[in-house]
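Student: Below are the chains, spelled out letter by letter.
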Amino acid sequence: MDVSVTVNGTHQSHDVEPRTLLVHYLREVCGLTGTNVGCDTSSCGACTVHLDGESVKSCTVFAAQVDGQSVTTIEGLADTAPGDGMHPMQRAFMECHGLQCGYCTPGMVMAAVSLLDEVPNPNEADVREGLEGNLCRCTGYHNIVKAVLSAAEAGA
Amino acid sequence: MIPAAFDYIRAASADEAIAALAEHGDEAKLIAGGHSLIPLMRFRLATPSYLVDIGRLDDLTYVRDAGEHLAIGALTRHRDIEVSDLVMSQTGLLAEATRSVGDIQVRHRGTIGGAIAHGDAASDIPAALLALRATVVSKGPNGEREIAIDDFFSGFLETALDETELLTEIRVPKVPDARWSFQKFNRRAQDWAIVGASILLDGDRAGVGLVNMDSVPTRANAVEAALAGGADAAAAADVAAEGADVPSDLNASSEYREHLARVLVRRGLEAAGRA
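Going line by line, the protein sequences match chains A and B. The first sequence runs 4 to 159 under the working numbering. The second sequence runs 28 to 302 under the working numbering.
One or more hints might be untrue.
What the hints assert, rightly or not - With beta-carbon atoms standing in for the labels, derived distance ranges:
hint	chain 1	residue 1	chain 2	residue 2	range
1	B	272	A	141	39 to 45 Å
2	B	252	A	144	43 to 49 Å
3	A	144	B	43	42 to 48 Å
4	B	70	A	124	37 to 43 Å
Hints listed in this document are in silico derivations from the structure and should not be mistaken for laboratory results. All values derive from a computational prediction rather than experimental measurement. Glycine is no exception: its CB is placed at the ideal position from the N, C-alpha and C atoms.
Just chain A, with the same shape it has in the complex (with noise of 0.2 Å):
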């Protein structure tokens, strides 16, 4: 069946099978591999990214469901906000070092900017509470809530 899906700003049609799960159209079709396949079982988050602006698990939705809408991955992330290249929030958890091995990354990157939509002036239980969808294994989480709450400081 055909697809038309917006996928960070850029418009992109295809003839997928009817199964395809987002996360794959997105890795496999697209070729944009920053959105990772963690669980598979929708606990994780690694593979949350927005669907018009706000944060799903792209492992538990199909490409078909989202025909006509916009979806941003990790990749386009930056050009939704003004500067250098980096959103304020990939920034923030570079300085706040909000990341170990870094597989959970984009998850929690894409899940924190959809928070901060929500709940822009967080404090660190809204944090926490807020991304209770993304799991880090090397359990990082003290930076990485650091990182988020910086960002809201500085408006992200």
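Put chain B on the given structure of chain A with help from the hints.
Tutor: Just chain B, lined up with the frame of chain A:
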């Protein structure tokens, strides 16, 4: 895993969805947010030949004040319910239970109708709707009908919905002055409840719904009767597991679940102000 192959049908209206169900019978499944169905399809526990996508039926996405009750469209997403001023002020228990579903990404996709139609005893929403004594509205080839929430859950992952019916609306009685509590015990954030309890105290009337204490979402009839008879929180909670056919699995034995139900109901009653 990758789901088994299926044909995809996007419904442009409720009637189109009902027509597709009528044509394909039990070979077809409705998909809304898909956050119960897609995991089942990925494990190949569900292998529908046709998927009828109702996700774009925006006229089934609403929260309205309908006088005595709130009318909530079946396709209203969890996230929209948990932040709705109407839901928070008129049926606060539902907002609280909704907030405990999955995580924010899941709540951006999952819908209240999907959570109920899935009929899962481990889901948080049905227990809250039992405590609130909600009514479900469905639409089929023969028109609309109302189903009391107590008649809706008919067996393990089974509901009173006919295979050609679409769930359209949930009617939740307004209880602005009620006191309530939602208690959930799980091992990790975002996990399903091992046991949960929804407590609603509205004047003389009590509603108590339990999560994961039977093969279907369950009303704690014995607790409600004890409260009506004037029992205090501890005495009423003592009968929390009465009459339930309590499941046993790798997370908890049935005895442990019974213990949890008594503790959570007591905590919930106390949190809602019952001495």
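Student: Determine which of the earlier numbered hints do not hold for this structure and return their numbers in increasing order.
Tutor: none
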